[in-house]
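Turn these sequences into a full structure, and let the hints guide you.
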Amino acid sequence: MDLYLPVANLSVNALVIVLLGGGVGFLSGMFGVGGGFLTTPLLIFYGIPPTVAAASAATQVTGASVSGAMAHLERGGVDLRMGGVLVAGGLVGSVLGAGLFELLTAWGQIDTVIAILYVGLLGSVGSIMGREAVGALRLAKAGMPAPARKRRHHPMVANLPMRWRFYRSGLYISPLAPLMLGVVVGILTMLLGVGGGFIMVPAMIYLLGMGTQVVVGTSLFQILFVTIATTMVHAMTTGAVDIVLAGLLLLGSVTGAQVGARFAQKVRPEYLRLALAVIVLLVALQMAIGLFIQPPEIYTVQ
Amino acid sequence: MKHIAALILGLAALLLTPAGAAQAADPRLVPDVSSRAIDIQYSFTGEELLLFGAILYPGQRLPDDRADIVVVLKGPVRPVILREKRRVAGIWVNANSLRLRTSPGFYAIGSSRPIDKLVDERTAAIFELGLNNLSMSPTGFSEAKKLQRFEAGLIDLYTRLGLFYENPAAVEISEGVLYRARIPVPARVPVGTYRAETYLISRGRVLAVASRDVQIRKAGFERFVALAAEQHGFLYGLSAVALSLLLGVGASAIFRRR
Numbered sequence: 000m001d002l003y004l005p006v007a008n009l010s011v012n013a014l015v016i017v018l019l020g021g022g023v024g025f026l027s028g029m030f031g032v033g034g035g036f037l038t039t040p041l042l043i044f045y046g047i048p049p050t051v052a053a054a055s056a057a058t059q060v061t062g063a064s065v066s067g068a069m070a071h072l073e074r075g076g077v078d079l080r081m082g083g084v085l086v087a088g089g090l091v092g093s094v095l096g097a098g099l100f101e102l103l104t105a106w107g108q109i110d111t112v113i114a115i116l117y118v119g120l121l122g123s124v125g126s127i128m129g130r131e132a133v134g135a136l137r138l139a140k141a142g143m144p145a146p147a148r149k150r151r152h153h154p155m156v157a158n159l160p161m162r163w164r165f166y167r168s169g170l171y172i173s174p175l176a177p178l179m180l181g182v183v184v185g186i187l188t189m190l191l192g193v194g195g196g197f198i199m200v201p202a203m204i205y206l207l208g209m210g211t212q213v214v215v216g217t218s219l220f221q222i223l224f225v226t227i228a229t230t231m232v233h234a235m236t237t238g239a240v241d242i243v244l245a246g247l248l249l250l251g252s253v254t255g256a257q258v259g260a261r262f263a264q265k266v267r268p269e270y271l272r273l274a275l276a277v278i279v280l281l282v283a284l285q286m287a288i289g290l291f292i293q294p295p296e297i298y299t300v301q
Numbered sequence: 000m001k002h003i004a005a006l007i008l009g010l011a012a013l014l015l016t017p018a019g020a021a022q023a024a025d026p027r028l029v030p031d032v033s034s035r036a037i038d039i040q041y042s043f044t045g046e047e048l049l050l051f052g053a054i055l056y057p058g059q060r061l062p063d064d065r066a067d068i069v070v071v072l073k074g075p076v077r078p079v080i081l082r083e084k085r086r087v088a089g090i091w092v093n094a095n096s097l098r099l100r101t102s103p104g105f106y107a108i109g110s111s112r113p114i115d116k117l118v119d120e121r122t123a124a125i126f127e128l129g130l131n132n133l134s135m136s137p138t139g140f141s142e143a144k145k146l147q148r149f150e151a152g153l154i155d156l157y158t159r160l161g162l163f164y165e166n167p168a169a170v171e172i173s174e175g176v177l178y179r180a181r182i183p184v185p186a187r188v189p190v191g192t193y194r195a196e197t198y199l200i201s202r203g204r205v206l207a208v209a210s211r212d213v214q215i216r217k218a219g220f221e222r223f224v225a226l227a228a229e230q231h232g233f234l235y236g237l238s239a240v241a242l243s244l245l246l247g248v249g250a251s252a253i254f255r256r257r
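Residue numbers (numbering that gives the first Met the number 0), protein chains in the order written: chain A, 0 to 301; chain B, 0 to 257.
You can trust all of the hints, since none of them are fake.
Computed footprint of chain B on chain A, listed as stretches where at least three residues anywhere in the stretch have a Cβ under 8 Å from a Cβ of chain B: (1) 3 to 13; (2) 58 to 69; (3) 107 to 117; (4) 221 to 231; (5) 245 to 256.
No lab work stands behind these hints, which were simulated from the structure alone. Even for Gly, the Cβ is constructed at its ideal location relative to N, Cα and C.
Here it is, written out as structure tokens:
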């Protein structure tokens with residue numbers, strides 16, 4: 000079934016897009032990530048212009064994260080103070096990101112920067128996650144209990160001035176650290192159309208040293224608000240949000256997410272993390288190949 | 000249908016005028032298109048536009064040597080920046096660019112014989128006949144070689160996208176007076192006012208030119224969405240956010256009830 004996308008200016012097979020959203024939603028429900036890091040590259044592979052892909056994927060992540068964020072909020076799994084600081088940083092980041100987006104577009108390097116960021120981020124996060132999952136599986140096979148990880152924030156974070164108490168996270172640190180983290184993730188959300196959960200979660204655990212019981216909820220909370228902000232910023236600057244495209248993706252992803260969440264309860268978390276690591280690395284590899292081999296068309300019109 | 004009726008009426012009127020009244024030695028063209036407006040809507044995957052018409056010879060006498068017809072469908076021109084990728088440190092990045100002030104977003108040309116068999120290069124350039132004869136007004140000074148390379152790149156890119164189209168056998172002439180040609184219009188055409196031009200060519204000379212306007216526009220919901228995205232960014236963004244929140248919350252409510 001072909002459907003014309005009024006902002007992207009081309010027609011797509013609606014079924015393919017809904018299925019794509021469904022697949023990403025399934026994974027995001029299973030792994031507790033927004034899935035934007037998969038949606039944007041897949042849409043670009045399909046032939047959607049990168050800007051439209053990034054903007055509409057951000058809109059889709061909003062819908063994918065809202066139910067999760069609400070569930071965690073009810074359960075008390077969100078550190079609202081921490082979340083507020085992160086969101087504040089995220090808002091600054093998305094505005095900065097918009098400026099950067101415009102600059103890079105005028106300079107003609109936006110596509111390359113998006114691809115390089117994807118390769119770098121997904122490559123490193125994927126390999127860290129993969130190594131950890133393999134290690135955990137090996138330990139489990141040997142019958143040893145997993146070593147308790149010491150929860151500690153990074154020394155650089157400890158050195159920042161002005162400290163706040165974040166009760167839920169069990170932290171007494173400077174709000175500047177999460178604020179900066181929020182800014183970085185906000186920029187990435189704007190440029191890449193990702194929610195940033197795959198960076199936020201490791202950063203919360205390893206850099207800030209947050210208690211794990213609030214990590215996922217707070218990350219979802221932050222993703223929800225920052226993707227809303229990015230959608231608004233995109234709508235008002237690049238005008239690249241395609242509501243039809245986002246709607247199709249959402250139809251698939253919101254149902255996929257529910258199925259995925261159910262499925263996740265039946266599988267061991269180490270296997271889940273290993274699978275996610277493999278998927279993340281595959282996307283990074285595909286993007287890297289795109290950078291290094293000669294593209295079929297070396298001319299582009301802007 | 001209305002157009003065809005009008006065409007027949009017009010033809011009849013012309014045929015009824017006394018032969019002596021047509022002093023002009025040059026023949027005339029009466030062109031038309033299958034639709035004056037193409038609406039882009041829900042399942043628009045492209046369309047085929049039929050360009051057709053009649054050649055009216057003075058005195059209704061067919062000349063001894065056959066004349067040829069060239070039809071051109073030209074989209075609105077706009078300024079573009081064309082970028083060229085180069086391998087830099089192993090990766091392919093945009094390294095070079097060229098500004099073109101009048102690059103047509105769509106150009107299709109069909110003829111009854113290859114253009115180079117019909118007219119010489121100069122005439123083809125004057126009338127912009129053929130993909131290689133489009134004048135795109137590059138800005139700034141650039142060497143001829145670079146210009147040629149970029150133009151070839153643009154033609155190649157647009158031909159692949161279906162935005163440039165050249166078919167030297169597209170025009171069919173029946174009985175020497177009626178012609179017709181089908182021009183494919185792909186889904187990703189830019190919107191705007193298009194010109195459908197017809198050229199009557201004989202012995203290397205352009206004998207007659209006639210044109211019709213064709214509107215290609217988004218319609219209905221698609222037009223509404225595109226306009227909203229362009230002119231009311233804030234409200235458009237709010238509705239996109241509302242839609243995604245609604246779908247997200249709705250889906251989880253439905254699944255929880257089960």
